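Each protein sequence line maps, in turn, to chains A and B. At position 17 of the first sequence the residue is numbered 499 (our numbering), and the sequence of numbers has no breaks. At position 65 of the second sequence the residue is numbered 547 (our numbering), and the sequence of numbers has no breaks.
Just to be clear, a hint being listed does not mean it is correct.
Each pair may be met inside one copy or between any two copies, as identical chains are not told apart.
To be verified - The list that follows gives simulated cross-link-like pairs (lysine-lysine, BS3-like), each with its CA atoms no further than 25 Å apart:
1. Lys630 x Lys670
2. Lys644 x Lys664
3. Lys664 x Lys630
4. Lys670 x Lys618
5. Lys644 x Lys670
6. Lys618 x Lys664
7. Lys644 x Lys618
8. Lys618 x Lys630
9. Lys630 x Lys644
10. Lys644 x Lys532
11. Lys630 x Lys532
12. Lys664 x Lys532
13. Lys532 x Lys670
Derived from the structure by calculation, the hints contain no laboratory data. Quick caveat, the model's predicted, so the values are computed rather than measured.
There are 2 protein chains.
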Amino acid sequence: MSEPRKRLFPIVTADVALFTLADYRLRVLLIRRANNPTPGGWALPGTVLKPDLDRNVDDAALRALASKTRVVLPHLEQVTTSSGPDRDPRGWSVSVLYYALLPSDQVQAVAGDKTEAIEWCDPERPGHRLTFDHAKLLARALATLQDKVERGALPLHLLPAKFTLTDLQRACEAILGRELDKGAFRRKIADQPTLVLVPGEYVRGPQRPAQLYRAAADFSF
Amino acid sequence: MSEPRKRLFPIVTADVALFTLADYRLRVLLIRRANNPTPGGWALPGTVLKPDLDRNVDDAALRALASKTRVVLPHLEQVTTSSGPDRDPRGWSVSVLYYALLPSDQVQAVAGDKTEAIEWCDPERPGHRLTFDHAKLLARALATLQDKVERGALPLHLLPAKFTLTDLQRACEAILGRELDKGAFRRKIADQPTLVLVPGEYVRGPQRPAQLYRAAADFSF
Numbered sequence: 483m484s485e486p487r488k489r490l491f492p493i494v495t496a497d498v499a500l501f502t503l504a505d506y507r508l509r510v511l512l513i514r515r516a517n518n519p520t521p522g523g524w525a526l527p528g529t530v531l532k533p534d535l536d537r538n539v540d541d542a543a544l545r546a547l548a549s550k551t552r553v554v555l556p557h558l559e560q561v562t563t564s565s566g567p568d569r570d571p572r573g574w575s576v577s578v579l580y581y582a583l584l585p586s587d588q589v590q591a592v593a594g595d596k597t598e599a600i601e602w603c604d605p606e607r608p609g610h611r612l613t614f615d616h617a618k619l620l621a622r623a624l625a626t627l628q629d630k631v632e633r634g635a636l637p638l639h640l641l642p643a644k645f646t647l648t649d650l651q652r653a654c655e656a657i658l659g660r661e662l663d664k665g666a667f668r669r670k671i672a673d674q675p676t677l678v679l680v681p682g683e684y685v686r687g688p689q690r691p692a693q694l695y696r697a698a699a700d701f702s703f
Numbered sequence: 483m484s485e486p487r488k489r490l491f492p493i494v495t496a497d498v499a500l501f502t503l504a505d506y507r508l509r510v511l512l513i514r515r516a517n518n519p520t521p522g523g524w525a526l527p528g529t530v531l532k533p534d535l536d537r538n539v540d541d542a543a544l545r546a547l548a549s550k551t552r553v554v555l556p557h558l559e560q561v562t563t564s565s566g567p568d569r570d571p572r573g574w575s576v577s578v579l580y581y582a583l584l585p586s587d588q589v590q591a592v593a594g595d596k597t598e599a600i601e602w603c604d605p606e607r608p609g610h611r612l613t614f615d616h617a618k619l620l621a622r623a624l625a626t627l628q629d630k631v632e633r634g635a636l637p638l639h640l641l642p643a644k645f646t647l648t649d650l651q652r653a654c655e656a657i658l659g660r661e662l663d664k665g666a667f668r669r670k671i672a673d674q675p676t677l678v679l680v681p682g683e684y685v686r687g688p689q690r691p692a693q694l695y696r697a698a699a700d701f702s703f
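Build the full structure now, drawing on both the sequences and the hints.
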């Protein structure tokens, strides 16, 4: 391990686990870093905080996403803050970790910058060894998202603007990693004022047409 | 407002809302600061992170509590991280906020250091104007604690090692700020493996003796 440099002030970074759905499977965006201190290493998108540019750390997280993936204005939520002398070879560091949710129909808009490759990966088995302590951060972000959905929050930020209740159930199942009983799920969401029926709009299904819904204007995840 | 100094690296602080119970009322510890940048101002106990001393920000939070209040090893939990150029007159700053829970029978052990006054205050109406953005941080810490108890977590870290179920109900009521139905509360906690009956130990009550309980060894809040 490289010797951490002594510094009076720690490095502060914002790191983001950006989740979306691809064919109703949960995916997280990983980046193959072009830059020091770990060129070639796979990581969550992130950036060092710039006090002259960023109004706060949330801003730094949005800047990291915009510059490294072209994603602007996703749903962003703080997960935890990790810190210590050994987690970044540049020295004593503090990472503020976020998860962000991207609607499944916006995945095509995501592109890496010229120097860094990107890949949508299974968050449970990303298929790459992650640099820094990002494997731990990713696991923590996933657990926080799962906990929230387990407690009844509806992950509408992963769905297109209009969706069926089956789409919603599949999104919950993709996050939780297990199937849900359709009857129990429908009963649970029946009273949710955050789900608004779109009158007269349906999608054709294998059987009968399925009603479309949207999120209420004041929906918060 | 003072002009924030330009810095390449932000100041990182750990700030702690230390809660306990006094006569079954929730109390938070406030400190009248002796030091710059806000001498005489009331605040949550906190400290600037010292990369040469602290293994991580949690360590800095414990160091702040130990040095300013003599409290060692409370239950400590991260709440959120706040940041920006204007929240601390010293310049761009990042505050990692924690809440800590102190058993009600250990309140007497808390003492300020020589230069700073301390006071246990009602977290909803602290009776002092708080410096920095600490009024906002305190409200956030309280809301997080309340949310956790609302979701069924038992605040055993606020109670002595042995307690009655009435003590536990009163602790929950003090946190939530409302009375709970005794029958519903007893049913809710009946299956909790974290509550262990202490055989043969009771406290005398106005009516019949009340059974004492303790936290299970693997209890986590």
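Hint check results:
1. Lys630 x Lys670: For Lys630 and Lys670, the Cα distance is within 25 Å both inside one copy (15 Å) and across copies (21 Å).
2. Lys644 x Lys664: within (20 Å within a copy, 45 Å between copies)
3. Lys664 x Lys630: within (20 Å within a copy, 29 Å between copies)
4. Lys670 x Lys618: Neither, since 32 Å and 34 Å both go past 25 Å.
5. Lys644 x Lys670: within (20 Å within a copy, 39 Å between copies)
6. Lys618 x Lys664: Neither way: Lys618 and Lys664 sit 33 Å apart in one copy and 42 Å across, limit 25 Å.
7. Lys644 x Lys618: Close neither inside one copy (34 Å) nor across copies (36 Å); limit 25 Å.
8. Lys618 x Lys630: Both: 19 Å inside a copy, 24 Å across copies.
9. Lys630 x Lys644: within (22 Å within a copy, 33 Å between copies)
10. Lys644 x Lys532: For Lys644 and Lys532, neither the intra-copy (37 Å) nor the inter-copy (50 Å) Cα distance is at most 25 Å.
11. Lys630 x Lys532: neither (31 Å within a copy, 34 Å between copies)
12. Lys664 x Lys532: neither (47 Å within a copy, 53 Å between copies)
13. Lys532 x Lys670: Neither. Shortest intra-copy (44 Å) and inter-copy (48 Å) distances fail the 25 Å Cα cut-off.
In this structure, the hints that do not hold are numbers 4, 6, 7, 10, 11, 12 and 13, in rising order.
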